[in-house]
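*Asks:* Residue numbers (the working numbering), protein chains in the order written: chain A, 33 to 291; chain B, 33 to 291; chain C, 33 to 291.
Hints should not be assumed to be uniformly reliable.
If several chains are the same, the list does not tell them apart, and a pair holds so long as it fits within one copy or across any two.
Straight-line Cα separation of at most 25 Å, PhoX-like style, residue types lysine-lysine; simulated pairs [said to hold, decoys possible]: (1) LYS180 x LYS245; (2) LYS113 x LYS169; (3) LYS245 x LYS289; (4) LYS61 x LYS104; (5) LYS61 x LYS230; (6) LYS245 x LYS284; (7) LYS180 x LYS104; (8) LYS169 x LYS289.
FYI, nobody ran anything at the bench for these hints, they're computed from the structure.
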Amino acid sequence: MSDSIVISRDGQIATVTINNPPRRNALTKAAWELLTATIQDLSSDDDLRCIVLRGAGSEAFAAGADISEFPKERANAAQAKIYGEIISITLGAILDCRHATIAMIMGVCTGGGMEIACACDLRISAESGKFGVPINKLGHALAYPEMKVVQSVVGRALVLELVLEGRILDAREAERRGLVNRVVADDELEKEVYDTAKRIVAGAPLAARSSKKFMRRLDDPTPLTSAESDEGYALCDSEDYQEGVQAFLAKKKPVFKGR
Amino acid sequence: MSDSIVISRDGQIATVTINNPPRRNALTKAAWELLTATIQDLSSDDDLRCIVLRGAGSEAFAAGADISEFPKERANAAQAKIYGEIISITLGAILDCRHATIAMIMGVCTGGGMEIACACDLRISAESGKFGVPINKLGHALAYPEMKVVQSVVGRALVLELVLEGRILDAREAERRGLVNRVVADDELEKEVYDTAKRIVAGAPLAARSSKKFMRRLDDPTPLTSAESDEGYALCDSEDYQEGVQAFLAKKKPVFKGR
Amino acid sequence: MSDSIVISRDGQIATVTINNPPRRNALTKAAWELLTATIQDLSSDDDLRCIVLRGAGSEAFAAGADISEFPKERANAAQAKIYGEIISITLGAILDCRHATIAMIMGVCTGGGMEIACACDLRISAESGKFGVPINKLGHALAYPEMKVVQSVVGRALVLELVLEGRILDAREAERRGLVNRVVADDELEKEVYDTAKRIVAGAPLAARSSKKFMRRLDDPTPLTSAESDEGYALCDSEDYQEGVQAFLAKKKPVFKGR
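Go ahead and model the full structure; you've got the sequences and the hints to work with.
*Replies:* Right, here's the structure in full:
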């Protein structure tokens, strides 16, 4: 049996592939847990600067949780809570990942798959992308952590449309309504995603990490402590900031070292 | 005199019509109160699954509060507070309604009418839809509960444009800017709305109720209790969830019973 | 040396020009402080009803903070905190300004310039508008108050794209994604902006002030006090409200006096 999550690396960019093509890359409970461990492991790796998440093959990003497992693993509320907390931890691991994350989307991107994509920092879709959370056909609700991550990208109105009506949006509508950052032809997707990753990698890594962290912090309505506010300026003590300012003034390209 | 709010039912779908065509379906104080009572009554009816809100005729969804009544009913701050709390209760009743709500919009949808539409779960507009909150011409502010419901759909930037500039948006701009979910030709509106209602009705009703409730809860920045978090998984003890999973795995159409 | 901030007035409309064309209207530390003082001063002037913010010339709204000053004024975290708090106070002064504010945008609108634009109530751009926060090339993060004001306009997904990828959006994409309210041809920008200002000026000034204040208050998750809730209705004791209602019922144009 092949691994449900596959990692490959090319310099400072890692690619994490959700790998279950016969089931349109649906994630088993074990796959969710492996995805969490994978992201947490990559997050702590200082040699990395960007992670691309994708599905194996060209038919699907991910169709969500693997429902064929539900009669055994998610048969009642008690099991659903355990399963749901596993998903919640995965989404949190992506949101908290120190490196920038890009969802590279072809084909089906639904349910938990769409939640994974929404937890990423950017979503770039092929024309073939299909998006939705047709949970109304399954008979359970979108748990709070899952709803919240989708809401943070698309807002209340589209969340309600997706969960109540069970609509599937094509890539162009998803782009128009803010669910994906941009859409390209299927055969241009890989190039666009890795060009984007390279643009991110060329930027200052500490700045990217802080920006991600601060954006995440703003989801929390608790007032900032003064230590947190000060952290907004801490990077100006870094070598990279000196490099950035000097390069800007000399009209040169900065070379950042992540320190 | 005809009723200011008219109810009709067709199976699991109720239609609530704001009925004051001579005044473009503007709502009197009594109409706001009757709308609240109507929605609350329908909300508690377990035989229902979807409510369509519309205006009588084809000229207007609703032009907001009936200003002809203001010299008597909303002449000063003390009266305005009473009147405003009535509107706030109506908006809350729609937001808290257990069944999915669809605003079916033709023509004028302004002021309190637009607030009612924003409180609904979906907004489907005909090409003739006209949207705005031209409160700058009346000399009072948008009270907090009214502003908040509009903001939850369109965000800060469009709220400010609507209230400060007093602009009226046509349906296509309203769609482009997220104020309505979709726009269709006037003569296709009824079909599109009731087809949407049928798609909602075909879904699991408990899932719809929970999704609505959870979405509403996320408006409140107070941290979730563990009981609330657990509620996110409670439906997996329902018959409908078993039906949904079995139907999915058997590639059949599920039949949900709301239990 | 010319002033870094220039004020002109025409009746109830003031124009505030960020004036540093050789550096694409980048703001020095002194310019940020002068902009704050200027806005606060105009805010307290009851004869005003609208402020247009623009950049001098046609090449730029503002390119952000003037980086040529950074080696001296923003060389480390301690200085950056001081500098950042100055920017934060400027953004707060714009957000808290009692009069409606319109950012009139031609050309470059980046970094702190884009933050100024996002703090305004409306953003109207010429086709030449260019938008971004390419902070990834400089090596520091977007401090919380700056990130928050951008997020309040464009949401989490676009903030992350702008700061991580360092993309520059043209005016049409900025419009499509909600960063600007509307886009017009460069040679129509001035007319569109001042026509908009006149529409705002024709409205009730107390209503505009309250709407702005309430919208700003909704950014704060703290529950409203009952005094704050009541303030939502206070204007109905104003002369202008009586004028607005009477004018509406008489189908006349209201003349508001701001009291």
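*Asks:* Are the hints correct? Go through all of them and say.
*Replies:* Now for the hints, and whether the structure bears them out:
no.	hint	verdict
1	LYS180 x LYS245	both (17 Å within a copy, 13 Å between copies)
2	LYS113 x LYS169	within (19 Å within a copy, 43 Å between copies)
3	LYS245 x LYS289	within (19 Å within a copy, 44 Å between copies)
4	LYS61 x LYS104	within (11 Å within a copy, 55 Å between copies)
5	LYS61 x LYS230	neither (32 Å within a copy, 33 Å between copies)
6	LYS245 x LYS284	neither (28 Å within a copy, 44 Å between copies)
7	LYS180 x LYS104	neither (27 Å within a copy, 43 Å between copies)
8	LYS169 x LYS289	between (50 Å within a copy, 12 Å between copies)
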